[in-house]
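2 protein chains.
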Amino acid sequence: MNILDQLKFDSQGLIAAIAQDENSGAVLMMAWMNKESLRVTIETRRATYWSRSRKKLWAKGEESGNIQEVRSVYVDCDGDAVLLKVHQVGGAACHTGHRSCFYREVVDAGKGFKESGEILFNPDNVYRK
Amino acid sequence: MNILDQLKFDSQGLIAAIAQDENSGAVLMMAWMNKESLRVTIETRRATYWSRSRKKLWAKGEESGNIQEVRSVYVDCDGDAVLLKVHQVGGAACHTGHRSCFYREVVDAGKGFKESGEILFNPDNVYRK
Chain A
10 MNILDQLKFD SQGLIAAIAQ DENSGAVLMM AWMNKESLRV TIETRRATYW
60 SRSRKKLWAK GEESGNIQEV RSVYVDCDGD AVLLKVHQVG GAACHTGHRS
110 CFYREVVDAG KGFKESGEIL FNPDNVYRK
Chain B
10 MNILDQLKFD SQGLIAAIAQ DENSGAVLMM AWMNKESLRV TIETRRATYW
60 SRSRKKLWAK GEESGNIQEV RSVYVDCDGD AVLLKVHQVG GAACHTGHRS
110 CFYREVVDAG KGFKESGEIL FNPDNVYRK
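In order, the protein sequence lines correspond to chains A and B. Position 58 of the first sequence, counting from 1, maps to 67 under this note's numbering, and the rest follow consecutively. Position 74 of the second sequence, counting from 1, maps to 83 under this note's numbering, and the rest follow consecutively.
It is worth saying that the hints were derived from the structure and are not from the lab. None of these values were measured; they are calculated from a predicted model. Heads up, some of the hints might be wrong.
When chains are identical, the list treats them as one kind, so a pair holds in a single copy or across two.
[To be verified] Result set (DSS-like, lysine-lysine): computed pairs, CA atoms no more than 27 Å apart in a straight line:
(1) K123 with K65
(2) K123 with K17
(3) K44 with K120
(4) K120 with K65
(5) K65 with K17
(6) K17 with K44
(7) K123 with K44
(8) K64 with K123
(9) K120 with K17
(10) K64 with K17
Using the sequences and the accompanying hints, generate a full structural model.
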């Protein structure tokens, strides 16, 4: 038995993956995994997603160094989402430098955003142009 | 301007929605929203999803009474996921009675699950047959 065979990947072979900071409980990001990326994540204990835009495995932090060390993996009741509890190296999960990708709060009854949360790095210093 | 027009709904008109307990920080569930369900959620401050199986709006708790009172809504950096911080009435988000739908931890290098977390109600007493 392997849990990978019990999950419900969608028509594109993907499942939603949520990364949560193991200490603060902050939801850091949501990305996608195919079966292979989840297998690699479980095996290596480093979060590896599927990049829908680049159509390839995406080892989180491969460019920025901000890898996610996976402490535990949970599967939801209907098997179509996984939750990773991680140690976020560098503190910031988002490519904008924010700690969490969910840094825009919906305000004013849906008419606007309010940005919040720490910015931990300058993307210009981290990513190649 | 309305933030609904800035989000990236997928080819089926859906976006991933994560519900997090505002106090404990526990990730309670992941479900789907279409534009209308997100609009209703923002307007009513009660989590309303899109049921892919029933193909209709699904006001969380409409049957069980375990509604989610939405305290805040966040959008991620690339606009394809939302995070709801909620007060979970009744304490349990999962139809199994578990506090969180993510109650199965992947163990033994992916060969099995270990169930964890509190069970707060007996589904037989809550849902119609």
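Structure-based check of all given hints:
no., hint, result
1, K123 with K65, "neither (33 Å within a copy, 30 Å between copies)"
2, K123 with K17, "between (35 Å within a copy, 19 Å between copies)"
3, K44 with K120, "between (38 Å within a copy, 14 Å between copies)"
4, K120 with K65, "between (36 Å within a copy, 25 Å between copies)"
5, K65 with K17, "both (20 Å within a copy, 21 Å between copies)"
6, K17 with K44, "both (10 Å within a copy, 24 Å between copies)"
7, K123 with K44, "between (36 Å within a copy, 20 Å between copies)"
8, K64 with K123, "neither (32 Å within a copy, 32 Å between copies)"
9, K120 with K17, "between (35 Å within a copy, 16 Å between copies)"
10, K64 with K17, "both (20 Å within a copy, 18 Å between copies)"
Consistency note: the structure conflicts with the earlier hints numbered 1, 8.
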